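Chains as they are written, first to last, in our numbering: chain D, 5 to 401; chain W, 13 to 307; chain L, 20 to 350.
Keep in mind the hints are simulated off the structure, nothing from the lab.
This one's a predicted model, so the numbers in the text were calculated from it and none came from an experiment.
C-beta atoms are modelled at their ideal positions from N, C-alpha and C, and glycine is treated no differently.
A hint or two may mislead.
As the list claims (entries may be wrong) - Facing chain D, according to a computed beta carbon distance under 8 Å, are these residues of chain W, among others:
| # | residue |
| --- | --- |
| 1 | Ala23 |
| 2 | Leu24 |
| 3 | Gln27 |
| 4 | Leu32 |
| 5 | Val129 |
| 6 | Asn133 |
| 7 | Ile136 |
| 8 | Pro144 |
| 9 | Gln146 |
| 10 | Phe157 |
| 11 | Phe178 |
| 12 | Lys182 |
| 13 | Arg184 |
| 14 | Gly203 |
| 15 | Asn205 |
| 16 | Glu241 |
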Amino acid sequence: MNMKTILLGSIAAAVFAAPAYAVDVKIGVLNDRSGIYADLAGEGSVIATRMAVEDFDAAGKGINVEIVSADHQNRPDVGSTIARQWYDQENVDVIVDVPTSSVALAVHDITRELDKVFLNSGAATSDLTGSACSPNTIHWTYDTWQLADGTGRAVVENGGDTWFFLTADYAFGHALERDTSAVVEASGGTVVGTVRTPFPGTDFSSFLLQAQSSGAKVIGLANAGGDTVNSIKQASEFGITQAGQSLAGLLVFVNDIHALGLQTAQGLLLTESFYWDLNDGTREWSARFEEQTGNKPSMVQAGVYSSVLHYLKAVEALGDKGSQEVIAKMKELPTDDPLFGQGEVRADGRKTHDSYLFRVKTPEESEGPWDYYETVSTTPAAQAFRPLEEGGCSLVE
Amino acid sequence: MFELIGIPPQALFGQLLLGLINGSFYAMLSLGLAIIFGLLNIINFTHGAQYMLGAFVAWMLLNYLGISYWWALFLVPVIVGATGIVIERLLISRLYHLDHLYGLLLTFGIALIMQGVLRNNYGISGLPYSIPPQLAGGQNLGFMFLPNYRGWVVVASLFVCLGTWFVIEKTRLGAYLRAATENPTLVGAFGINVPLMITLTYGFGVALAGFAGVLAAPIYSVNPNMGAELIIVVFAVVVIGGMGSILGAILTGFGLGLVEGLTRVFYPEGSAVVIFVIMAIVLMIKPAGLFGRTA
Amino acid sequence: MTAVTETDAASAVAEPRIRKKGMGMPARHMVILALLLAAGIIAPFMLYPVFVMKILCFALFACALNLLLGFGGLLSFGHAAYFGSASYVAAHAAKVWGLSPELSILAGTGAAALLGLIFGSLAIRRQGIYFAMVTLAFAQMIYFFALQAPFTGGEDGIQGVPRGNLFGLISIQSHFATYWMVLAITFIGLLIIYRVIHSPFGQVLKAIRENEPRAISLGYHVNRYKLTVFVLSATLAGLAGATKAFVFQLASLTDVHWTMSGEVVLMTLLGGMGTVFGPIVGAVVIVSMQNYLATWGAWVTIVQGIVFVICVMLFREGIVGVLQKWLKKTL
Chain D
5 MNMKTILLGS
15 IAAAVFAAPA
25 YAVDVKIGVL
35 NDRSGIYADL
45 AGEGSVIATR
55 MAVEDFDAAG
65 KGINVEIVSA
75 DHQNRPDVGS
85 TIARQWYDQE
95 NVDVIVDVPT
105 SSVALAVHDI
115 TRELDKVFLN
125 SGAATSDLTG
135 SACSPNTIHW
145 TYDTWQLADG
155 TGRAVVENGG
165 DTWFFLTADY
175 AFGHALERDT
185 SAVVEASGGT
195 VVGTVRTPFP
205 GTDFSSFLLQ
215 AQSSGAKVIG
225 LANAGGDTVN
235 SIKQASEFGI
245 TQAGQSLAGL
255 LVFVNDIHAL
265 GLQTAQGLLL
275 TESFYWDLND
285 GTREWSARFE
295 EQTGNKPSMV
305 QAGVYSSVLH
315 YLKAVEALGD
325 KGSQEVIAKM
335 KELPTDDPLF
345 GQGEVRADGR
355 KTHDSYLFRV
365 KTPEESEGPW
375 DYYETVSTTP
385 AAQAFRPLEE
395 GGCSLVE
Chain W
13 MFELIGIPPQ
23 ALFGQLLLGL
33 INGSFYAMLS
43 LGLAIIFGLL
53 NIINFTHGAQ
63 YMLGAFVAWM
73 LLNYLGISYW
83 WALFLVPVIV
93 GATGIVIERL
103 LISRLYHLDH
113 LYGLLLTFGI
123 ALIMQGVLRN
133 NYGISGLPYS
143 IPPQLAGGQN
153 LGFMFLPNYR
163 GWVVVASLFV
173 CLGTWFVIEK
183 TRLGAYLRAA
193 TENPTLVGAF
203 GINVPLMITL
213 TYGFGVALAG
223 FAGVLAAPIY
233 SVNPNMGAEL
243 IIVVFAVVVI
253 GGMGSILGAI
263 LTGFGLGLVE
273 GLTRVFYPEG
283 SAVVIFVIMA
293 IVLMIKPAGL
303 FGRTA
Chain L
20 MTAVTETDAA
30 SAVAEPRIRK
40 KGMGMPARHM
50 VILALLLAAG
60 IIAPFMLYPV
70 FVMKILCFAL
80 FACALNLLLG
90 FGGLLSFGHA
100 AYFGSASYVA
110 AHAAKVWGLS
120 PELSILAGTG
130 AAALLGLIFG
140 SLAIRRQGIY
150 FAMVTLAFAQ
160 MIYFFALQAP
170 FTGGEDGIQG
180 VPRGNLFGLI
190 SIQSHFATYW
200 MVLAITFIGL
210 LIIYRVIHSP
220 FGQVLKAIRE
230 NEPRAISLGY
240 HVNRYKLTVF
250 VLSATLAGLA
260 GATKAFVFQL
270 ASLTDVHWTM
280 SGEVVLMTLL
290 GGMGTVFGPI
300 VGAVVIVSMQ
310 NYLATWGAWV
320 TIVQGIVFVI
330 CVMLFREGIV
340 GVLQKWLKKT
350 L
């Protein structure tokens, strides 16, 4: 064998085995694998990432993808150390998921500083595409504005026009309450009262009784996680929903409903961007997801899948992985996948898609495990998220 | 009490009742801590995790073995108490000759392990546990709707707390116990097996936490962290009450539940810290606690 | 190095008794301090600088706790309050007031000192495990305050803290520039602690730890000594926390949460309570563990718990304590 044949041979291999280019992409899945968001993100998000890479047939398209994952323990210092190390030393190109606002904002800043790509699915804060927006971040699945607007407006339109808020007493709860009250009032409803509950709390009965005596039609739960679970549990115990008042959860995931059981959670109104039983596409994907994890996907995990898929599409279209080019391409290409349908990535980094108001079924209506939601109304992608000009994002001229 | 104007007395009464219910959990947990501290001189940081374990074991009994709530009320304290005895024999018993700090650090470590293991196996979202059908529904008391289950919690807790108080203060067994607290060597000289008594006491204190866990399972979220935040409040309750008397622990528990209930009406934002504020005040005025003996 | 020599000379003059007993031989400690400094200078070239800075901050934090726990015999289970509040104040000072790094760190440290004075004067009224519970409860109050106060940003924390220019002149934008600052602060902090331990004040503290009634009968105002060491410890913990705000450019709730208090106790315990250099070793081990076990999820908690149990059961002197026994020399 002389030099020529080796050279010819390798060129031939490159031509026949793969398209003209080959890109190495390293995806870091950074999320909570042990704390309160471990169920709705955690290992499931890693599996969703892997499914996206396989479904896209990245290897067949000449994109060599490597996936790494880590637990940020919901601690911004741990999360930012990992993110920096991934970017600086391990050549990670894109970080996905990252629930917990504090960690997400930290990773958001680091990603901008080092000019990489951040596809957030897990965090709620709408600051990521508002006052703190960055050319390197795309916020994929949901945000606080969408939840407040989706639940607030749709519930008022469906007759729930007097509200009482149970607000977790910290910045996140205050923001949810403020945004939702604004929407409720703008839609013609009234807020008759509000009570600030210590966070985290276990006993909400006292506050629920205050909500009950207010006579409001809807009790808005401006809290999250264990607080929401406890307040729903106790509302059912004190016969508040049976007496005719509705509960509206402002940040509730399907995993919370799974934990509560339908007997307790029935009648709850909530907004999500994704539910496994929406259409054939979501059902097919969710069934495959369930085979690997034992659970139906949360909207966060679905969002991770969808964001990785779109990222790979952009890399394929460019044949390159330069951060600014890929982000520009992602914003240019319309998004379309079986899970979230059609949408777009806006200039401020907000990904848009339809948003749904669900009502939790009664045990009688449910036909089996994970059959939890009935769709009350759908907000189309164009209206589901904060209008571009209202966010105060500097990327919007 | 002019501040009360604006709040109808019935509503106030309802809130007090709710405070009493929370107080029953404080009372049961601080009672267990007080008993363990009294005899073992150990601050049982694992107490919150053992309370959580009680709720989890109740869930496991129901879901794996189909054992109902009522049986769980008896079985869970026995099971959790037994794990406590194992922990005491294997680990804690080796620390009695050392500074108390080591007991605190050891039990803190055990609590971390228990929380971590359950989190690995059951996640964090929590597990569903329904109110037993016999106690579903509630009574309309005129001023409020009282779920039957909450009423049961107060009754069960009062019964257990007063029963414990009676055994310790009024029976021969209790007399030995109290004597062993004062002077273990002397009691041992009377032919009483003090180490066994210590082990059983720890088991009993832990069983109380397990019992509280079963009572909590149907109304609070059953998740690995459910005891972690509570235990710190209970510590504060214990500091306020002082470790002097069993009755002190019970009264302080219920009393602080009431105070917290009132705060929830008049200043809801402050209800999480009110117990700590009271603790600071008590420390300034009466460093040994309300019922404590000065060391 | 001159600082070290001066320190040791001063302590030698002040405590002839100790030298006679053979405790605190300055030469050995000088070597260790020099080695530590050398390691600190080489480390950022071998390891990831942010990671080493994290170790440095926690080493100082653990040493501060050790001053109280190992030498004062007082177990504070609420030291996160001082660490975290200082971190918040420093971050706020730099971000909102636009102060330079050194002034922000000073502000944070001052806040921790003040807090330490208030809580300390109450906490020292109780002893032993009551003391631990009281400090824990106070720290919990700070946690609730940090959660609700508007300036802390609640769950989001204070993000994007500008590193700015040291003394208004030297830019510390790069990791390396920040690193030298952090190394200097940590080292100065360690020297202060070393100096305190080997001063007459430190000796009285040890006497109180060993036998409080006796110290009282000897005419020492025990509570004044306890309060002083408490405030000192809180201040240094604050210094560590304020510095950390510049390393990560953020301050968040985890810094004030009680698990942080537990973690720093674990570092001290693992490294060796009451040894001069033990807490540094503890911090290195625990921070590395958190870093390298990050992919393991909930196992981090379990492993930490197991380390706690093993330490208490088999290993009460800690790593450096065991080494000390082995070498028959105090470290």
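Each hint, compared with the structure:
Here the hint on Ala23 (chain W) is kept, as its CB sits about 6 Å from the closest CB of chain D, short of 8 Å. A hinted interface residue such as Leu24 (chain W) counts as satisfied when its beta carbon comes closer than 8 Å to some beta carbon of chain D; here the least separation is about 11 Å, so the hint is violated. Hint status for Gln27 (chain W) relative to chain D: holds, with the closest Cβ pair at about 6 Å, below 8 Å. Contact between Leu32 (chain W) and chain D, as hinted, is not supported at the beta carbon level, the nearest pair being about 11 Å apart and thus beyond 8 Å.
Because the closest C-beta pair between Val129 (chain W) and chain D is about 11 Å apart, greater than 8 Å, the hint is violated. This hint is violated: Asn133 (chain W) has a C-beta 12 Å from the nearest C-beta of chain D, more than the 8 Å allowed. The interface hint given for Ile136 (chain W) is met, as the beta carbon of that residue sits about 5 Å from the closest beta carbon of chain D, less than 8 Å. With a least beta-carbon distance of about 12 Å to chain D, the hint placing Pro144 (chain W) at the interface is violated under the 8 Å criterion.
Hint status for Gln146 (chain W): violated, given a least beta-carbon distance of 15 Å to chain D, over 8 Å. About 5 Å separates the beta-carbon of Phe157 (chain W) from the nearest beta-carbon of chain D, less than 8 Å, and the hint is met. Taken as an interface hint, Phe178 (chain W) does not check out: its beta carbon lies about 28 Å from the nearest beta carbon of chain D, beyond 8 Å. Hint on Lys182 (chain W) is violated. Least Cβ distance to chain D is approximately 33 Å, over the 8 Å limit.
A distance limit of 8 Å between C-beta atoms decides the matter here; for Arg184 (chain W) the minimum to chain D is near 39 Å, and the interface restraint is violated. Taking 8 Å as the C-beta cut-off, the interface hint given for Gly203 (chain W) is violated, the closest approach to chain D being about 46 Å. Violation of the interface hint for Asn205 (chain W) is found here, the shortest Cβ-Cβ separation to chain D being roughly 40 Å, above the 8 Å cut-off. At a threshold of 8 Å, the smallest CB-CB gap from Glu241 (chain W) to chain D is about 6 Å, leaving the interface hint in force.
In summary, the structure is inconsistent with hints 2, 4, 5, 6, 8, 9, 11, 12, 13, 14 and 15 from the numbered list given earlier, while agreeing with the others.
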